[in-house]
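Enquirer: Please work from the sequences and hints to get the whole structure.
Chains as they are written, first to last, in the numbering used here: chain B, 1 to 396; chain A, 1 to 194.
Just so you know, these hints were derived from the structure itself, not from any lab.
Just to be clear, a hint being listed does not mean it is correct.
Computed far set for chain A versus chain B, every beta-carbon distance over 10 Å [said to hold, decoys possible]:
id, residue
1, Val-31
2, Asp-66
3, Val-75
4, Glu-93
5, Ala-96
6, Thr-98
7, Trp-99
8, Pro-109
9, Leu-130
10, Thr-135
11, Gly-144
12, Arg-192
13, Ala-193
Chain A stretches covered by chain B per the calculated footprint, using a threshold of three residues with CB under 8 Å from any CB of chain B [to be verified]:
id, segment
14, 50-63
15, 82-92
Note that CB positions come from ideal geometry on N, CA and C, so glycine has one too.
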Amino acid sequence: MRKPRRLARAAALGAACAGFVALASGTPGRAAEPAEPVAVVPGPGGVAVRAGALEPLDVDAYAVDLDAGDLLFAALFDPEDGAFLDTRLGLFAGGALLIEDDDGGDGLLSRLAFQASASGTHELRVTGFRDAGYTGAHAEGAGAPAPYTLVVGVAGALAQESEPNDALGQEDALPAGGGLVRGTLAALDVDRFAFDLAPGAGVAASLFQLDAATGAPLPGGGGAFDDTRLGLFFDAPAPFAQDDDGGPGFLSNLMRTPGGDPDAVQIGVTGFRDAAFTGAHPEGPLAYVLVAAATAPAAQRCDVVAPIGQIDRRDIDAIFAARGSPASGPDDPRDADGDGQITVLDGSQCRLECDFARCATAPSSCGLLGVEALLALLPLALARRARRRAAAGPEV
Amino acid sequence: MTRRPLALLLLALLFAARGEAVSIGLDPSPVATSAGSTFTLDLVVAGLGDGAAPSLGSYDLDVLFDASVLALDAVAFGALLGGPADSLQAAAEIVAGTWDVSELSLLSPSELDALQPTSFVLATLSFSALAAGTTSVTLTGLAGDAFGRALDLQLGAARVEIAGGAVVPEPGAALLFACGALAVARARRAARAG
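Expert: Here you go:
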């Protein structure tokens with residue numbers, strides 16, 4: 001399906017021009033970001049999640065260490081499924097661009113897969129789709145910084161699915177927090193996986209196609225002929241969310257937060273015709289990698305101390321007191337900007353998430369004060385009226 | 001004290017002309033004082049919008065100085081990040097010669113934009129001069145705008161020159177006094193003789 005981007009591009013061009021004119025005329029520049037590249041260290045399951053935001057003239061850089069032969073999968077997600085944020089994602093080594101993608105992900109978002117030929121630190125750079133030189137020449141996030149979630153998966157040797165895993169209850173277990181697994185989708189086949197989820201966390205899942213013979217990622221991401229469907233389940237036969245053609249081509253991607261705070265979710269992979277996830281499809285055989293990761297919603301990131309579910313001055317106090325210390329991990333709720341350090345900036349960002357004005361612990365109690373003030377004025381009004389009547393003389 | 005508004009004005013003009021980085025500096029500089037005396041340095045931010053973005057939402061600074069010649073006695077925060085009711089404030093000694101001075105506003109971005117001028121005093125640092133010498137008070141750290149985004153920050157320093165006692169040497173003052181008394185006496189004698 002052709003993606004409707006002409007209007008967005010026209011708007012982006014206008015905003016970019018405005019940005020450059022402002023810059024040239026000496027308007028104060030945009031705010032600087034934490035030191036980059038931000039280190040990306042995959043957890044036990046091989047995945048890492050980083051939250052970021054794009055704004056005009058901004059390029060975000062993430063460093064990831066790869067060994068020769070490692071497979072790297074990177075996918076961008078955002079709350080609007082890429083309907084508005086149009087990204088470009090590039091992988092660099094030694095300053096040279098190795099591979100890049102524009103619209104391979106959900107909507108206008110990007111994703112890429114790569115097999116390292118040499119060991120070393122590689123750098124993922126996120127920018128706007130117009131910024132082919134990765135210099136920041138784009139206008140994404142012109143109205144307000146556009147948030148995104150970057151999911152990175154790294155594996156030397158991929159774990160394999162274990163059949164039968166077609167039905168609910170037969171899922172292959174992934175590590176808590178997510179992981180990478182290689183599967184093969186055949187006609188009449190459904191592959192199911194499950195992993196534990198922390199309360200309030202979301203799920204990002206992405207399918208990448210592999211060359212069945214070599215196991216290497218397909219150039220361009222695949223999805224040219226094979227058409228998948230991806231579903232997220234929470235102990236029910238029907239998925240609470242699903243995606244057909246999130247991309248590239250006919251492959252699937254999605255990021256969702258389940259309601260009800262489940263302690264585990266299940267992921268189903270099937271053919272695009274099989275909306276009921278019963279195996280009624282002719283796709284395959286298709287070799288793929290599923291990259292699944294737990295994501296922390298923005299509100300949870302700042303919700304540090306009790307009462308959980310409300311962000312107030314107690315949370316900001318706790319973040320402020322912890323400034324200068326390293327984050328406990330990618331899901332540390334105090335690390336709002338995801339840079340691995342607790343700083344005063346995390347507290348400042350979190351104060352914007354407070355439930356009440358000025359991070360009060362309860363709504364301001366204006367109560368009857370307004371009415372009381374009016375009542376206090378009533379005798380004055382009556383006295384003034386009486387004076388006016390007296391001055392006007394007796395009524396005839 | 002009359003130099004302080006002038007310095008603030010110069011800082012504001014400098015950054016209005018440059019139109020880029022926000023700065024946090026120390027004012028006045030240099031400071032000339034004597035051992036045993038106290039003096040204050042203002043922590044001054046400049047380069048913000050005047051009643052408009054960018055405004056300052058938070059900062060976390062280390063104040064560094066030579067603890068053998070200076071002691072930081074107290075920190076008094078300003079009110080333009082919300083004051084004690086609407087901001088979190090911290091000032092404490094980390095190690096000898098290093099103090100952490102930090103503030104995080106709880107006001108909304110629009111409130112901060114409306115409240116803050118281009119340049120203002122974040123806090124006043126009260127020092128004691130312990131011994132003679134010349135030293136610097138320097139700053140390290142970070143600051144964020146009203147949305148918690150790191151600002152491109154330039155940090156300043158102050159030079160402190162501490163004399164080893166009273167500024168005017170006592171013998172010189174006594175000699176001047178004696179000369180004056182002698183001149184008066186001679187003038188009176190001449191007047192009587194006349």
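Enquirer: Where does the structure disagree with the numbered hints, that is, which hint numbers, in rising order?
Expert: Violated: hints 8, 11.
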